[in-house]
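Peer 1: Protein sequences appear in the order of chains A and B.
Going by my numbering, the residue at position 175 of the first sequence is 242; the numbering climbs one at a time, nothing skipped.
Going by my numbering, the residue at position 56 of the second sequence is 452; the numbering climbs one at a time, nothing skipped.
Do not take every clue at face value.
Over the 12 Å line for every Cβ pair with chain A, so calculated as not near, a few chain B residues [as the list claims (entries may be wrong)]:
#1 397
#2 398
#3 415
#4 430
#5 434
#6 439
#7 441
#8 442
#9 443
#10 445
#11 446
#12 449
#13 454
#14 461
Computed spacing ranges between beta-carbons, pair by pair [claimed, not checked]:
#15 410(B) x 231(A): 46 to 54 Å
#16 408(B) x 402(A): 15 to 23 Å
#17 425(B) x 336(A): 29 to 37 Å
Derived by calculation from the structure, the hints in this document are not laboratory data.
Where a beta carbon is used, it is the ideal one built from N, C-alpha and C, also for glycine.
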Amino acid sequence: MTVFAEAHTGAVQRRLLADGDHGPLPTPDAAQLVGMARDAGLTGRGGSGFPLWRKLNAVIASGRPPVIIANGAEGEPASGKDKALLAYQPHLVLDGLQLVARAARASTAHLYVPRPSALRAVLAARRDPIPVTLVAAPDAFVSGEESAVASAVAGRGAVPADKLTRLPDTGTLVQNVETLAHLAMIARYGAGWFRAAGTYDEPGTFLATVSGAVAAPGVLEAGYGVTLGSLIAAAGGPAGALSAVLVGGYHGAWVPADPELPISRAALAPFGASPGAGVVMALPSGACGLTENARIAGCLAGQSAGQCGPCVNGLPRLAATLADLAAFRSRPGLPAEVDRLTRLVTGRGACRHPDGTARLIASAMRAFSADVAAHLSGRCLATSGRFLTTEARA
Amino acid sequence: MTRLHIDWTACDGRGLCAELLPELLAEDDWGFPIARDGSPSPAVPGPLEPAAQRAVDRCPALALRLLRDTR
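So that you can see chain B by itself, here it is in the shape it has in the complex (with noise of 0.2 Å):
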């Protein structure tokens, strides 16, 4: 399963990754993104990895990284 990891002390709270993944990803009250499911690295489903990864690749800060679990 891949998961979506964030580096909290890299993310500044620039907010694309909410923008280009609302399903996974809303905003906190400061602009820190927050899971939706709730989890602290929320779960990818595969049709949103490409979305996934373009937000990973485009956050500005580099606190983005998908973790591919193989267990």
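So that you can see chain A by itself, here it is in the shape it has in the complex (with noise of 0.2 Å):
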């Protein structure tokens, strides 16, 4: 009996973004779905990698009024996943948010994406037994934040909250879009199938969005533990050698340019990275990391709801000395400070935007360590003044 047919490691492959119906969709009860869930280990895909069957399992557990929704907010800048998804298959999301919201039995689900008007007529043309709400996500980086999205759906703005209590606990389920289309097709195919993807510790497939210099930048799906190389290979190959690749995401971390790196939480830890969201954007080695470091930081100090003070001056404040390292403005201690600054702003914020900055920004240091100490002394070891400034959005 070969139940795992396909290879136990990740490789590029299309099982989300397939082509094709996957036919009709079954109806397992609330522990059987839970179960489902749990043995296949699916994990959320927005960023967290919250076990799906903790939450789900919580929201039914806490007895009150379940407000069942579907994130598909993607504020993450260098991230096209989502979006990808919603536009070829909308109907394995719409599948899951059906599958979770019988299970915790709601009455209504919602849909916040960027642009509803685009689903309108996706949803119209389903028969769904329980009725879904579409809810416009505003362009912000931390309007996916999981209590921005759960305040946006209450119909009061889309910023984090303070967290006294975990949202499942009040019966509150936010998952993302590409998580409720992984369950749409385990409910399909069973945990077995899934599992036959990935790695035994970190199972089934991800969308990456593979963008900066590649030849075809874009959204592939792959197993977890995919290498780095097949990842870039499949996105047309290098365009050009590279000096580092940002994984995760703008609240990820930068990793060398290693063909074999794979991708995978395991692998990623030592960078202080993790597979994130998905994304994979890789530097030409005649881009300045530091440059593209500073740009990055400013945007999301940019990106601050304004509402936390640690963050609203933290992360400008971190954000300028960046600008300086990579403009030559040097003085003495700069790497410290910026030290001192990333632990300053770390878990001083209602949601995880600092911490997520912070991160990115150590890794950046320790990444580009001998940048640092060339622009301290006045030279750049990039050799060309080219920026990646262009965006995963397509």
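Each of the two chains sits in its own frame; use the hints to bring them together as a complex.
Peer 2: Have a look at this one:
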């Protein structure tokens, strides 16, 4: 018996992104659905990597009126996978939403996306037993954060809230649209099928948005554990020599451009990175990593929701310090000041925006340490002044 | 164990808490409270609970709370 027909490791393959119709949706009860999600090892694809079954169980056990939300906000500038999924296979997302809404005995469900009008016709053509409300997601980095999503659906602003209790314990389930699409596949083909892709510890496929210095940037699908080289090759191969790769997203980390590096939590942990929301952005060796890092830090500082003092004050200070470093305005103790500020903002906000920003910056200071030394003495190691300014959004 | 929770969405950095509870809190570069132990929600030792409660009661932004962990 060969249950695991495919190689038990990550490879570029199409599951969510395969063409065609997957047939009628089974109707598992709550216990069956939670069990399938647990056996499959399905984790959140929005960046957190939290097991779906735990959140769903907490929502069911909360005894509170359920609020079920599919999150397609994708505020991450380097990510385009949720948009691609909603364009190619919206029915898988909506199937997954029906499954969790049914399990939680919800009378309605919500789909939170930047451009709801594009999905109105898709929804109208379905005969969903549980009606789905479309909610517009503002185009902002933090608008996809779990508590910001819940707040937006409740009719308040899409900004993160203070967390005294965990959201699922209040009956609110926020799941990334890709996670729900995987759940719809698991309900049809089973946990064993799902686990035949990816690694033992991190089963299944994920959607990756590959951008930067590659010949054909775009959205791909691969099993966890896929090598960086395979992903980049599937995106047309590198457009010249690469100096580093940003993985996870703007809240991710810079890692060496090593083609053998697997995209998995286990392999990326030593770099302070994780697969996150599947972002892979290749930096050409001609571009200056410190300039790119300063640009991203400036972008993130501008995306603060403006609620929390350490974020409102600390992120612009960090971005300005990194801009000074990139532009050779060096001063004694500059790297130590960056280090101090990253520690100062970490853990001091309603959401993880300061933490994620600090993590990215710390990884850049490590990955580009030779560039830091050169910049402090007024030189740049990059061979040209070209910057990566293109965003992945197609 | 009792922990001091800071609601960052409410905190204005008025600085009363750092004055009333200097054993646990300092002010950062911008006057916002920062735990001396570096943790997001610092543990409050028993003898400091009355002072911590005073900080909670007097915060003009109502941004502080004492969380009593039952674990």
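Peer 1: Hint by hint, note whether the structure agrees.
Peer 2: The hints, checked one at a time:
1. 397: About 16 Å separates residue 397(B) from the closest Cβ of chain A, which puts it past 12 Å; holds.
2. 398: Since the minimum Cβ distance to chain A is about 14 Å, residue 398(B) lies beyond 12 Å and the statement holds.
3. 415: holds, 17 Å
4. 430: Answer for residue 430(B): violated, closest chain A Cβ roughly 7 Å.
5. 434: Check fails; 8 Å does not lie beyond 12 Å.
6. 439: holds, 14 Å
7. 441: holds, 20 Å
8. 442: Correct as stated: the minimum Cβ-Cβ distance to chain A is 22 Å, above 12 Å.
9. 443: At roughly 25 Å from the nearest Cβ of chain A, residue 443(B) sits farther out than 12 Å, so the non-interface label holds.
10. 445: Label holds. Min Cβ-Cβ 19 Å, cutoff 12 Å.
11. 446: The claim holds: residue 446(B) sits with its nearest Cβ about 22 Å from chain A, beyond 12 Å.
12. 449: The assertion about residue 449(B) holds, with a minimum of 17 Å to chain A.
13. 454: holds, 18 Å
14. 461: violated, 7 Å
15. 410(B) x 231(A): 46 to 54 Å: violated, 21 Å
16. 408(B) x 402(A): 15 to 23 Å: About 32 Å separates the Cβ atoms of residue 408(B) and residue 402(A), which means 15 to 23 Å is violated.
17. 425(B) x 336(A): 29 to 37 Å: holds, 31 Å
When held up to the earlier numbered hints, the structure conflicts with 4, 5, 14, 15, 16 and fits the remainder.
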